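**Student:** Heads up, the sequence shown is in the working numbering, so the first residue is 1 and it goes up one at a time.
Keep in mind the hints are simulated off the structure, nothing from the lab. Just so you know, these numbers come straight off a predicted model, no measurement behind them. Backbone N, C-alpha and C fix where the C-beta goes; we use that ideal spot for every residue, glycine too. Among the hints, erroneous ones may be present.
To be verified - DEER-style ranges, computed between Cβ atoms: (1) THR177 to GLN100: 43 to 53 Å; (2) GLN230 to GLY50: 33 to 43 Å; (3) GLY45 to HIS231: 18 to 28 Å; (4) MET48 to THR92: 36 to 46 Å; (5) GLY128 to GLN51: 22 to 32 Å; (6) GLU148 to ALA105: 17 to 27 Å; (7) GLN51 to GLN100: 12 to 22 Å.
Unchecked claim - Okay, derived cross-link-like pairs now, EDC-like style, lysine to aspartate or glutamate, Cα gap no bigger than 16 Å in a straight line: (8) LYS81 to ASP93; (9) LYS109 to ASP35; (10) LYS81 to GLU148; (11) LYS84 to ASP53; (12) LYS112 to ASP97; (13) LYS81 to ASP104; (14) LYS123 to ASP97; (15) LYS84 to GLU160; (16) LYS81 to ASP53; (17) LYS112 to GLU217; (18) LYS226 to ASP104.
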Amino acid sequence: LYLPCHVFSFAAHSCCCICFVFLYVFSKMYHSFDDTLKKMQEFFGLEMTGQLDSNTLEVMARPRCGFTDVTRYSHFNGQPKWDKTVLTYRITDYTPDLSQSDVDATIAKALKIYSDVIPLDFKQIDSGTADIMITFRKHGDFAPFDGEGRVLAHAFSPGEGIGGDAHFDEDESWTLTSAGANLFLVAAHEFGHAMGLAHSQVQTALMYPTYQYVNTEGYMLPDDDKQGVQHCLFLNSIRKKLTITTTTTTTTTTTTAI
1 LYLPCHVFSF AAHSCCCICF VFLYVFSKMY HSFDDTLKKM QEFFGLEMTG
51 QLDSNTLEVM ARPRCGFTDV TRYSHFNGQP KWDKTVLTYR ITDYTPDLSQ
101 SDVDATIAKA LKIYSDVIPL DFKQIDSGTA DIMITFRKHG DFAPFDGEGR
151 VLAHAFSPGE GIGGDAHFDE DESWTLTSAG ANLFLVAAHE FGHAMGLAHS
201 QVQTALMYPT YQYVNTEGYM LPDDDKQGVQ HCLFLNSIRK KLTITTTTTT
251 TTTTTTAI
């Protein structure tokens, strides 16, 4: 997902950084700079000029998630999923911006918006390896953070090892308000990736790739995200049933042959 981007000579270093951060999320699918830029413009509903115009740069400058962008709500390639109904999570490093109790409560609240709409529960553990490992620090994976602003956090789709983990950039100012980066909103977005969701083109969706503050009081998962995560669960359920049916049929056929 994080591929080298073309290098361009921009007048401002900040502009170059913004373009690198933003365009690498499309560079896996599109080979030329023009194609990459036009696809990004299409995703965000901009005029597809293929040029770094003012509207394009404004979108690029917004704080965002570090994962790739795809159309509407969708799921990761290969339909990664959790084969369990209770997921454990562990916060291995806390941000000094908030109290530990506030971080614990906020992370629990961000996960609850998913357990409210799908039959999946979350349990916090204090030691060992959890399904979802959460950290606020430099973390040594293939996607280092870029300092304050731009990429706020990233997470990984369901799976073993790093799968499901969520990393938050400690260079950000983490808050529970409209100032800085609201931890609840960013965490809820990243946990969507941990549930198997990719980015959405719907601007009001939680899984929209750029950060946008909304009132978190009584926050409920928006319809687009709710449909996405429930659809993902439905596909996983159907897949399990098909697997069971295929296994049973194969066993029966083999028994008959014997």
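**Student:** Are any of the numbered hints broken by this structure? If so, which, sorted upward?
**Tutor:** Of the numbered hints given earlier, those the structure breaks are 1, 5, 7, 8, 9, 10, 11, 12, 13, 14, 16, 18, listed in rising order.
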